[in-house]
Amino acid sequence: MFRTVLVANRGEIARRVFRACRVLGLRTIAVYSEADAGAPHTREADAAVLVGPAPARESYLAIDRIVTAAREGGADAVHPGYGFLSENWRFAEACLRAGLIFVGPTPAAIRAMGDKTEARRLMQAAGVPIVPGSLEPLGDLAETDRVAREIGFPLILKAAGGGGGIGMARVTAPAELAGAFTTAGRRAQAAFGTAALYIERYLECPRHVEVQLFGDHHGTVVHLHERECSIQRRHQKVVEESPAPRLTETTRRGLTSAAARGAAAIGYTNAGTMEFLVDDRGDFYFLEMNTRLQVEHAVTEEVTGLDLVVEQLRVAAGEALPWRQEDIATRGASIECRVYAEDPDKGFLPSPGTIGRLDLPAGDGVRVESGVETGSTVSVHYDPLLFKLIAHGGSREEAVVRMAASLDRCRVEGVKTNLAFLGRVVASEAFRRGEVHTQMVEQGAFNA
Amino acid sequence: MPEEIKAHITGVVFQIAAKPGDSVAAGDPVIVLESMKMEIPVEAPRAGSVKEIRVKEGQTVQEGETIAVLE
Chain Y
53 MFRTVLVANR GEIARRVFRA CRVLGLRTIA VYSEADAGAP HTREADAAVL
103 VGPAPARESY LAIDRIVTAA REGGADAVHP GYGFLSENWR FAEACLRAGL
153 IFVGPTPAAI RAMGDKTEAR RLMQAAGVPI VPGSLEPLGD LAETDRVARE
203 IGFPLILKAA GGGGGIGMAR VTAPAELAGA FTTAGRRAQA AFGTAALYIE
253 RYLECPRHVE VQLFGDHHGT VVHLHERECS IQRRHQKVVE ESPAPRLTET
303 TRRGLTSAAA RGAAAIGYTN AGTMEFLVDD RGDFYFLEMN TRLQVEHAVT
353 EEVTGLDLVV EQLRVAAGEA LPWRQEDIAT RGASIECRVY AEDPDKGFLP
403 SPGTIGRLDL PAGDGVRVES GVETGSTVSV HYDPLLFKLI AHGGSREEAV
453 VRMAASLDRC RVEGVKTNLA FLGRVVASEA FRRGEVHTQM VEQGAFNA
Chain H
421 MPEEIKAHIT GVVFQIAAKP GDSVAAGDPV IVLESMKMEI PVEAPRAGSV
471 KEIRVKEGQT VQEGETIAVL E
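Residue numbers (the numbering used here), protein chains in the order written: chain Y, 53 to 500; chain H, 421 to 491.
Same shape as in the complex, but just chain Y:
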């Protein structure tokens, strides 16, 4: 095992990784921007290095500065967390070149899965069902038009260079195609440096179900069951849970075994997640693979009793996974709510500010992962996630009740939050029955 880990991230996930490092007795280094001086994550590490000014491009996204901080601080390994550089293959490669261990998959795997059309081709070749659509990036508008007519409307244009809902446009009729092609291409260019797009058939109101995967450097690949993540706003997940409710055993087994097969086919190492859309017949289609730890990994930890971050560090150090597939069981149910600094009165736009008061719940079956504390500044420069609330119960009903009570006990002053919205989701009949799909939030199912 290596001795010192630098965490190239901030907020709750940096703290989460430091906790795992402490379990293994590892020394820790935090990085921070000028906006994060004195932030909780900087105080929990054994050392903290200022890497640049507030804008992420000049600090948390600055590969050279972070690699330099790691080398000068005597780090052996770098954990990227999620977001920022976590799915940047150039960063993983820069770490390896500098003699650092990258806690994640290989640069080649990150690159292959980051190229969304290549990922579709690889998964189809491995026998994983994909959403019907194009397998190659589209050329000009004429070609797009031809492919669109083959696939049929409604369809969705997506960025080939990256995911997360950026550069996506739904097209319901041929007349809308030209405009959508231009807009989506421009957004893709700005976000991923390439305007390349591809087409997928648009599924009406599907569910988003994903599978947690883990591979080691000894040829073992296992899945840690599935998560239901359909409650989303602007393609960002808000509520997640495991196991996925109302999934037939056939679909559940089909999903998890297809995901494990796909990951094995590419020799995947470390933690990763394969995302699927599931339609109302229980058919499922590969959407994309996230080659990193997910925000919602905690619900999987709660139901499996396993520590994913500790295992990421062990696998990165070359240790073999200690689990056989048949040993990985789930117990009860776990739900996560993401509490964001958002203003419900302004269409859930971000709400920066200073946290004047922060009361967080605690107790049996309740876990809180927070990046902020009383007095923290919530800056315009970063993601609006304040904290994650995770409730576990012997049954889904118990987990739901615990979540509702936990949300009730949260008090946040100084910034607006989505707490009331989360309360309405958890109290809703549809959620209690587990009848969810990805369009519900936008359709207003949980409006006040």
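In short, the hints are calculated from the structure, not lab data.
Glycine residues also receive a C-beta, built at the ideal position from the N, C-alpha and C atoms.
Pulled from the structure, derived: some chain H residues nowhere near chain Y, Cβ distances all over 12 Å: (1) E423; (2) K439; (3) P440; (4) S443; (5) A445; (6) G468; (7) K476; (8) V489.
These stretches of chain H come out as covered by chain Y in the derived footprint (C-beta under 8 Å, 3 or more residues): (9) 429-435; (10) 453-462.
Mind docking chain H on chain Y? Use the hints.
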């Protein structure tokens, strides 16, 4: 009658979408703010001609701050 366009949210100016002299329709983006990973357009409240842009790309603006003037 000149009219000031104010930012409805605190953020960093990501893009200037219109320049002085441009005519805009109601709802056209004048600038795009970036706040907490979201791009948020500040739109023209009515049709008119852009008289003045008061911000630069990369600048932080506060909620309520004037970002442009229409005439």
